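**Q** Line order of the protein sequences matches chains A and B.
Per the UniProt record's numbering, residue 1 is the first one in the first sequence, and the count goes up by one each step.
Per the UniProt record's numbering, residue 1 is the first one in the second sequence, and the count goes up by one each step.
Please note that the accuracy of each hint is not assured.
To be verified - Quick list of the computed label-pair ranges, beta carbon to beta carbon:
hint	chain 1	residue 1	chain 2	residue 2	range
1	A	GLU75	B	ALA67	40 to 50 Å
2	A	GLU18	B	VAL30	26 to 36 Å
3	A	GLY53	B	ASN40	46 to 56 Å
4	B	ASP14	A	THR5	29 to 39 Å
5	B	ASP124	A	ASP175	39 to 49 Å
6	A	ARG43	B	ALA177	28 to 38 Å
7	B	ALA116	A	GLY53	27 to 37 Å
8	A	ASP82	B	ASP52	40 to 50 Å
9	A	ALA202	B	VAL70	41 to 51 Å
10	A	PRO71	B	PRO95	31 to 41 Å
11	B	GLU111	A	GLY49	50 to 60 Å
12	B	ALA68	A	GLU42	45 to 55 Å
13	B	ASP50	A	ASP124	29 to 39 Å
14	B	THR73	A	PRO95	49 to 59 Å
Unchecked claim - Computed, partial: chain A to chain B, Cβ under 7 Å:
hint	residue
15	ALA34
16	SER36
17	GLY38
18	VAL39
19	ASN40
20	PHE48
21	ALA112
22	ARG118
23	ALA119
24	GLY145
25	TRP157
26	ALA161
27	THR168
28	LEU186
29	ARG189
30	PRO193
What the hints assert, rightly or not - Some residues of chain A that are not near chain B, with every Cβ distance over 12 Å (derived):
hint	residue
31	ALA26
32	GLN46
33	GLU111
34	LYS117
35	GLN122
36	HIS123
37	LEU147
38	ARG195
The hints are simulated quantities; they were obtained by calculation from the structure and are not laboratory data.
No experiment lies behind these values; they were computed from the predicted model shown.
Even glycine gets a Cβ: it sits at the ideal position worked out from N, Cα and C.
Number of protein chains: 2
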Amino acid sequence: MPWDTEATRRRLLDAAVEEFAEYGPAGARVDRVARSAGVNKERIYQYFGDKDGLFRAVLERELQRLAAAVPLTLEQAGDLGDYAGRLFDHHTDHPHFLRLLHWEGLASGGEAVAEAKRAALQHDKVAAIADAQRSGLVTGAIGAGQLLYGVMALVDWWFVAPHVVRMTVGAEGMDRAAQRAAVVELARRMTAPDRDEPPTGATSR
Amino acid sequence: MPWDTEATRRRLLDAAVEEFAEYGPAGARVDRVARSAGVNKERIYQYFGDKDGLFRAVLERELQRLAAAVPLTLEQAGDLGDYAGRLFDHHTDHPHFLRLLHWEGLASGGEAVAEAKRAALQHDKVAAIADAQRSGLVTGAIGAGQLLYGVMALVDWWFVAPHVVRMTVGAEGMDRAAQRAAVVELARRMTAPDRDEPPTGATSR
DNA sequence: CGATTTTCCAACTGCATGGTTGGAGTTTGC
DNA sequence: GCAAACTCCAACCATGCAGTTGGAAAATCG
């Protein structure tokens with residue numbers, strides 16, 4: 001049988017996403033990843049160095065997918081409720097990502113995976129929101145970075161602390177559509193300009 | 001030397017809080033807890049059954065502390081910005097708790113620690129907010145449970161995803177006082193009634 | 001004070017787990 | 001078509017780790 005190194009690599013990553021999302025970096029088992037991928041364990045060490053390298057590779061791939069799927073352009077930054085909704089949808093369709101992200105946040109203390117690239121990406125989003133603030137579409141009473149923080153917090157927490165959500169809103173509050181509507185509305189209210197708030201300057205558009 | 005069983009128990013819990021908050025249930029090491037507490041490992045199994053029992057005991061104690069320190073009474077529910085600020089202060093002073101809570105959320109799939117008691121507590125808070133909605137202090141456009149969700153999400157995320165926060169608001173945005181101010185303001189805006197929104201009914205006060 | 005129970009510890013056990021090795025099959029370059 | 005390089009695997013290794021055991025010191029009870 002011929003070889004397909006790219007496929008082995010991909011199958012390992014696919015299996016690893018599941019494993020790390022479910023159990024986290026400490027709880028994940030390398031043997032289980034290999035077994036579930038139908039590939040020998042040793043391949044993991046050739047391709048990714050060690051367990052931590054595999055985790056970083058997994059996270060990096062998911063980060064790229066998110067960035068591609070849910071952009072925040074200058075035009076879109078005026079409606080952060082919509083952005084919250086799109087983020088929510090992506091996380092609903094790809095439930096692994098947020099779990100990986102928060103395993104990372106809790107477990108690894110030092111530099112984040114692909115920190116520079118991610119920081120630059122966030123910076124662009126903050127700039128887009130600042131622009132929307134200048135054109136009066138978003139409140140200027142709070143910093144653009146803080147607003148982005150708020151939106152992410154509102155979207156993410158459903159997935160990160162589902163047990164607290166369950167204890168707060170009850171089983172009937174676990175409905176995805178209802179959660180989505182709530183998040184969009186909360187984000188809108190949080191970011192809306194005051195009724196008589198004037199635009200503060202020229203936009204970059 | 002005389003014995004003090006209550007003290008050994010407490011020293012184990014104190015050491016375990018640190019350990020579990022830092023490494024999570026999977027990453028935590030029983031030996032390390034015992035060593036750091038200056039107590040023999042076997043004591044842990046006598047007092048708490050197993051590693052998971054120790055984790056639950058730790059979490060339960062911290063939950064009680066939080067409930068005692070940051071209440072949400074009928075009178076206080078009208079100002080959710082203030083509640084957000086008080087929550088934020090408690091978490092700043094007790095940084096272990098939120099990490100434990102989110103390790104729990106990510107790691108354990110089934111029933112939560114002390115689920116019934118916690119659910120009842122949350123239910124009371126939701127009821128208090130619903131009351132504030134009826135008296136027109138808080139917007140009625142969103143369910144009370146969802147509002148409580150929003151406040152918790154806004155407060156907690158600083159502590160849960162510090163690496164994302166760092167990449168979003170930069171090193172200068174990591175100032176606690178600034179974060180507190182942002183959270184309070186975001187919560188106020190999110191929960192404020194619309195300008196002409198009328199009270200919807202009688203309060204229970 | 002003697003018998004019994006309780007607290008505590010040093011040392012041990014068994015196994016799960018991250019990582020390695022030696023070699024066999026497959027492709028590539030000349 | 002043959003040698004060098006690469007992909008892959010079964011089996012192996014060392015150690016880290018949750019949980020246990022046997023017995024010594026301290027308390028309790030009569």
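**Q** Now, for every hint given, state plainly whether the structure supports it.
**A** For each hint, the structure was consulted:
1. A/GLU75 <-> B/ALA67: 40 to 50 Å: Holds: the Cβ-Cβ distance is about 45 Å, inside 40 to 50 Å.
2. A/GLU18 <-> B/VAL30: 26 to 36 Å: 28 Å Cβ-Cβ, so the 26 to 36 Å window holds.
3. A/GLY53 <-> B/ASN40: 46 to 56 Å: Given about 37 Å between the Cβ atoms, the range is violated.
4. B/ASP14 <-> A/THR5: 29 to 39 Å: Violated, since B/ASP14 and A/THR5 (Cβ atoms, about 51 Å apart) do not stay within the stated range.
5. B/ASP124 <-> A/ASP175: 39 to 49 Å: Taking Cβ atoms as reference, B/ASP124 and A/ASP175 lie about 23 Å apart, which means the hint is violated.
6. A/ARG43 <-> B/ALA177: 28 to 38 Å: Given range 28 to 38 Å: violated, Cβ gap about 50 Å.
7. B/ALA116 <-> A/GLY53: 27 to 37 Å: 43 Å, violated
8. A/ASP82 <-> B/ASP52: 40 to 50 Å: The hint (40 to 50 Å, Cβ to Cβ) holds, given that A/ASP82 and B/ASP52 are roughly 42 Å apart.
9. A/ALA202 <-> B/VAL70: 41 to 51 Å: 44 Å, holds
10. A/PRO71 <-> B/PRO95: 31 to 41 Å: 34 Å, holds
11. B/GLU111 <-> A/GLY49: 50 to 60 Å: 38 Å, violated
12. B/ALA68 <-> A/GLU42: 45 to 55 Å: Taking Cβ atoms as reference, B/ALA68 and A/GLU42 lie about 53 Å apart, which means the hint holds.
13. B/ASP50 <-> A/ASP124: 29 to 39 Å: At roughly 48 Å between Cβ atoms, A/ASP124 and B/ASP50 fall outside 29 to 39 Å, so the hint is violated.
14. B/THR73 <-> A/PRO95: 49 to 59 Å: 36 Å, violated
15. ALA34: 19 Å, violated
16. SER36: 18 Å, violated
17. GLY38: For A/GLY38, the interface hint is violated, since the closest Cβ of chain B sits about 25 Å away, which is over 7 Å.
18. VAL39: 24 Å, violated
19. ASN40: Violated. Min distance 25 Å.
20. PHE48: 20 Å, violated
21. ALA112: Holds: closest Cβ of chain B sits about 4 Å from A/ALA112, inside 7 Å.
22. ARG118: 5 Å, holds
23. ALA119: 4 Å, holds
24. GLY145: Check passed: Cβ of A/GLY145 comes within 4 Å of chain B, closer than 7 Å.
25. TRP157: 4 Å, holds
26. ALA161: 4 Å, holds
27. THR168: At 5 Å from the nearest chain B Cβ, A/THR168 passes the 7 Å test, so the hint holds.
28. LEU186: At 5 Å from the nearest chain B Cβ, A/LEU186 passes the 7 Å test, so the hint holds.
29. ARG189: 5 Å, holds
30. PRO193: Interface hint status for A/PRO193: violated (10 Å vs cutoff 7 Å).
31. ALA26: A/ALA26 not clear of chain B: closest Cβ-Cβ about 4 Å, inside 12 Å.
32. GLN46: With a cut-off of 12 Å, A/GLN46 remains clear of chain B, as the shortest Cβ separation is near 26 Å.
33. GLU111: 9 Å, violated
34. LYS117: 10 Å, violated
35. GLN122: 5 Å, violated
36. HIS123: 8 Å, violated
37. LEU147: 8 Å, violated
38. ARG195: 6 Å, violated
In summary, the structure is inconsistent with hints 3, 4, 5, 6, 7, 11, 13, 14, 15, 16, 17, 18, 19, 20, 30, 31, 33, 34, 35, 36, 37, 38 from the numbered list given earlier, while agreeing with the others.
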